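Participant: Protein chains in written order, with numbering that gives the first Met the number 0: chain A, 0 to 642; chain B, 0 to 341; chain C, 0 to 549.
No lab work stands behind these hints, which were simulated from the structure alone.
All figures in this text were calculated on a predicted structure; none of them were measured in a lab.
Mixed in with the good hints there might be a few duds.
Think about it this way: if two alpha-carbon atoms lie no more than 30 Å apart in a straight line, the pair counts; the simulated DSSO-like pairs of lysine-lysine are [as the list claims (entries may be wrong)]:
1. B:K47 <-> C:K491
2. C:K257 <-> C:K491
3. C:K210 <-> B:K206
4. B:K47 <-> C:K147
5. C:K210 <-> C:K92
6. B:K9 <-> A:K182
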Amino acid sequence: MAFQTVEIKPAVPSSPLLGFWRIFSKNRMAVVGLVMLVVSIVVAVFAPLITPYDPQTSAGLTSGDIYNPPSAEHWLGTDDAGKDVFSSFIYGSRVSLIVGFFAAFISIVIGGVIGIVAGYYGGRLENLLMRFTDLLLVIPDLPLIVVIVALTKPSLFNIIFVIGILGWTTTARIVRSQTLAVKSRKFVLRARAIGAGNRHIIIHHVLPLVLPLLVVNAILVISLAILNESTLSFLGLGDPTAISWGQMLNFAFGRGAMSAGAWWALATPGFGIVWVVLALTLLGHGLEQVLNPRLESHHLMPGRLTVQSEAEVESTEKARRRESPVLLDVRNLSVQFVNNGTVAQAVQDVSFQLHEGEMMGLVGESGCGKTTLIMALNRLLPASGQISNGHVYFHGKDIASASEEELADVRWSGISIVFQGAMNALNPVRTVGDQIREAIVKHIPTMTPDQVDKRIVELLELVGITADHKDHFPHQYSGGMRQRAMIAMALSCNPQVVIADEPTTALDVMIQAQILELLDALRKRLGLAIIFVTHDLGVVAEMCDSVLVMYGGVTAEHADVDTIYNAPRHPYTQELLKAFPDLSQPEKRLVSIPGYPPKLDALPAGCRFAPRCPLAFERCLVEMPKQYELPGHHIASCHLVES
Amino acid sequence: MNRYQFLWKKIAWALFTILFVVVLNFFLFRILPGDPVRSGTRDPRLKKDAQEALRIRFGLDKPVIPCFETLNPIKPGDCAVNPFETQFFLYLRNLTQGELGYSFHTNRPVADVLGERLWNTILLIGAGQLLSIVIGVLFGMFAAWKARTSIDYGALITGLVAWSLPTFWLGIILLFWGSNNGFPIGGKATPGISSFPFLYQAGDVFKHMILPTITYTIVYMGEYLLVMRSSLLDVLAEDYILTAKAKGLTTFQILKDHALKNAMLPIVTIIAINLGFTVAGAIQIESVYSWPGLGGAVYEALERRDYPVLQGVFLLIAVSVVLANLIADLTYSFLDPRVQAD
Amino acid sequence: MKTKYNFLVVVTLLALIVSACGTAGPTTPVVLRVGWGGSPDTLNPGTGVLTEAYTIFALVYDTLYEFQLDGTYKLDVADSVNVADDGLTYTFKIHDGIKFHDGQPMTAKDVAFSLNLYKNNTDFIYLNAYTANFDTIEAPDDSTVVIKMLNAVPNIDYLLSYLYIVPEHIWKDYAEAPASTEFENLQTIGTGPFKMLEYSPNEFVRLGANKDHFANPPKIDEAIFQTFESDDVLVQSLKSGAVDMITEMPATAVESLKGDKTISVVTGAPFAPAVSDVIFNQIDPENCPTDVGGVCTGHPALRDRNVRLALSQATDKQKLIDIVLLGFGAPGLTLIPDGLGKWYNNSLQDYKYDAAEANRILDDAGYLDTNSDGVREIPDGSRPLTFRMHWPSDSIDGPRMAELLSEMWGEVGVTLELQAIDPDALTAECCPAFDYDIILWGWGSDPDPNLLLSVYATSEIPNGYNETGYSNPAYDELYLQQGVELDPEKRKDLVWQMQEIVFNDVVYVIPYYEETIQAYRTDRFTGWITDTPKVELSDVSSLIVVEPVK
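Isolated chain A, as found in the complex:
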């Protein structure tokens, strides 16, 4: 749900490689893996300089040299032939790395070619190649490798070849799906449209985008190849003339290291394998995170506690024009995001009151803090979000400082939310009826199952969905039905406040109108208070009682709907209205506001709208305007209002 987590982008790096390195170097896992790998490569390359003994020679050895414990002469003891374990261990890294890299190279080339060809050309060729890949996946590779190596000569070359030629299936699958994704990107289509050849497109457009993934995959394939080689050697199928760690283990296990108590001969080579494989795994895992960053947080991470930085200020809105009681009383609400030590002020000092039966429009451009504000009302902020000041009184209780249990009671039965994009807001693997039931059972535990069933049908019918859709899954609904189902769900526990977050975006005009009518009708019938978040000023004009205009996280203007449309005082409101088509004035020229809303971590010192404001003057750039109260419960934060 396009929930605006505040994004903090690093400064544009001078070169892509440097930029990659900058992100990479922050990933501790990847760096540790890289260092471990570099160490093993250095050790392998300079093995003759490091080792005190030549592991190929057994000159001067006697049976007294066999399985000697670690000593000053032999740091890691001696093996079953009296040789220095440390020296063999160092040389062993060569074989493991050689097998790993070369076998992986073969796998990656085969898998890469098959994956790209299948993904790029598609059709029957793709079908054929991928079916073939599927077939090979059925045959367990290690037993097959064992059989083939056993029946042919167990030379290093054969081992590399067999491991390489059987290890490409996962690569092919991954590369294919990435190619598929890249293929439909615009620039590829454009290149094709201007007549670029397939080869050219593959080499210049597809390959560069597939490559990063291929590198990550290659690293994992290398580690698998190293594990396979050591397993083969351990089973006695390795190249006995090459000192590899698996071979060392084979000798130690086969020639009585355990009975002789020679733990050093068993532990050392195993340590080598774990070292290299772990290095590769860490590197691969880290690289994957770098190339494919995950969200830094998820919805179940514990939220930050509310803090109160200032003493409570009397509500700026006292008794308002309405007689009906206040349901929701928001006072001086401020929300900030804390990311890696940087603080971004997403909402600052917003106050409003919502009365029974009132529909309040919450408008403003994207990134002005609307969603943050409504999430704060129910304390649904992401883990990095924090209420830094203010109160949200609901029935006299401050939600901002409520405990988790109290929150659970208020949520849905007090304040419910109609999320935008119901497709994602509904769990795809559970039926719609089930998801409604869950809320009812939670909040109205006294209902019998039969009553709940009846209630679900009622609710669905209320939003115009027939009862037979109850047990359908969200993907079986149309877009409009899903949104209506979402509304039904929001109403399921008789909430007093419903927050509708852009409930009609991504729907076609006819459906939009239906949904809006439905909301309005329900409000009137059930006496709900609704906060209606939208860009659409026309809808607001038609349906809302009051309007809160937000800009850069603060209240720009707050007044009843007539005032806002007919006598807006804040230049931002005025500009918004200019950008909005008015059916009564078809001749009106639409003017969009130049520029963008401010970044929340780099807010201007003065009025937040000042950089874009056509009326801005000196004071606007240095002093932030306070919220001026105008007659008729009209609030506007602009220096012009004061004068």
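Given the coordinates of chain A, assemble chains B and C onto it according to the supplied hints.
Facilitator: Frame of chain A, contents of chains B and C only:
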């Protein structure tokens, strides 16, 4: 596509795969070098006529396929030979009759040889897989839930290290440790207790299973942990989790009712794929712990060029992997209603 | 890491609980537990191949003759034997009152049936070899067996020691192929000192004592042979007391077991003689058995005795024994090992290890390093002394030996291309293909020298058992003679002469005769027979006399 078409397509593909393995099985062992009549035993008592007698007994005197007496070395033969008198046809015919042939080595029916070993492997792999899935999934869930805490990093590192451990090496180390701490280290039971009460025997088998199962669990747990963690991390960032939270559900309810099922989807696939690899892991663990299972059978059969047994094992593995994939596909379609729509 | 630790603790606790339940089990009879590295391939004596199968057969069945650890034979179920003067007719008197394990009496009829079974079943390929010289076997009455021979042979005791007596009343249904080979014989009814209780392939064989045995009722109640996949695990099982005796163990463990007072290690010549050999491809191209797939690609230099002699003198056998066997072996001379007792020609003096002498021999014979690359060339300079050296990939000692030989022979200007080959592929390239230069392999064999002697015979080249391609008419003549010489002393002389011939021709380099290393727990059973020339604790002679330590 409706559910039945989906099912049919899957089953048809599974059957085709098995057929492919059946054919591959036959030719693989005939293209690779080796003479089952002479393998393993170099014995002057085995005179030429005795070798010929063996060849006839194993049915190796017949041409492999029409036009070819043998495939390695390639020896052209009579193309006019009755195709029903070739090794390939007889192999297929026996298979359709459910016969896997007789072991060259022990003269016992392959089905019997594999049957008893299959159960041992299933016991070991079953216990190991179950434990590694449960532990891996639980720890992975816990890690994802507590994302970016020291618990998470601890679990992640544990998972990566476990994944990096060579199975046989871990087996040897645990064997070393276990033998000095009173654990039984070989076989699946203490011999000679067949007359003892059932519970005593079960306890004995359990004791023998401890070390191999721990080895197996540690190695495979890592992968499940990593996959579960990243899968759950993805799911927990989904919008419907926020919806669930907004509904006032507790963290436990959300994990149980909304996150787990969705996050398990990739795990199901991996379990199916792993089934093939488990036999590979089983070869290593069974050879370290003298466990009388399928892994050992592969190895022994290989040493003696016991083609009927090798063919049987490969067929068995392939069938179980295909079945596992089929079950995974079906499970997937139950877990995820969207699948049938594709 | 903490989580892992906790996990182990939980498992340990579980184990403790289970073992606590376990101690409540019923009391058991006196059970001897033997750990070994294999498992019988079958219980059908007609199709058995592995030595483990023969160990079990020896315990479960009786025979007319029994081989003893001192290298001699004694009558088993027969009380006496009468040999006709021409050596063609043997008349055995069978002991009275012997019963099969199922209670049925065993008579001469069963003996005759068994021998005929082995003789007539061509599918019993191994036992056929022993009955090849039998003409007729008859039982004129219940206590007499008459064997008529085609040719007189010197070693009927040896031939009969593998022909196990099976009950006619069971086997008569399986007397003919294919039933005879498909019969699994799980009950293994015989007359021996032990009877089959339970057989679980690749796990264990459980034998019960036949307390009614006519000659050797065992003192223990049961003997269980358990299979372990590696020697190391065998040693650990012995240490932990899971088994009471092990039939094999790595030499490297001997040192560490010496300190253990409860364990006694026994070494000596193995029951089945074991020879390791370095095979030189020396087949004369004229003898190449092309009709059976011979390609004969051997390096020509190896056909020259001088080269083989030089390599022999460049081989430090003691070092091989020290490093590969930790000293548990004796330097070898020919394929007839010291373990064969009187057949072993101990008068031969081995070629001394002397690299300088080896170099001199090669220099004299014209193998010079003409291009100074450190490797000698054959006299016409066309080919370097670079040999392919192969060994079976299932041998754990092979690579170690190859490594050492490569280094030793490097001293005399010979290089080796080392390569492990799958045993089966090795058989294929070895013989009769002769598509190799040097192979490291070995032989295990019967107590009679005949089979090992046949390996040098020209007649075995097409069969693939003459692995070197060595052909010497003088030797072939002697080989035929020893096969029909009835006087043991004269036969011994012939066998000694043959060894001298092949030793002088340097057909092989025999690195060593490996000793067997076995061990038992001294705190469990006593009475093990360890003072014989051959050591085999799982032999019937030990198993019938061991008894629990009091």
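Participant: Look at each hint and say if it fits the structure.
Facilitator: Evaluation of the provided hints:
With a CA separation close to 29 Å, the supplied pair K47 (chain B) and K491 (chain C) stays within the 30 Å bound. Between K257 (chain C) and K491 (chain C) the CA atoms are separated by roughly 39 Å; this puts the pair beyond 30 Å, and the hint is violated. As the CA atoms of K210 (chain C) and K206 (chain B) are separated by approximately 33 Å, the hinted pair breaks the 30 Å bound. Simply put, K47 (chain B) and K147 (chain C) have alpha-carbon atoms about 26 Å apart, close enough for the 30 Å limit, and the pair holds.
For a cut-off of 30 Å, the pair hint linking K210 (chain C) to K92 (chain C) stands: about 23 Å separates their Cα positions. A threshold of 30 Å between alpha carbons decides the hint, and for K9 (chain B) with K182 (chain A) the separation of about 28 Å falls inside it, so the pair holds.
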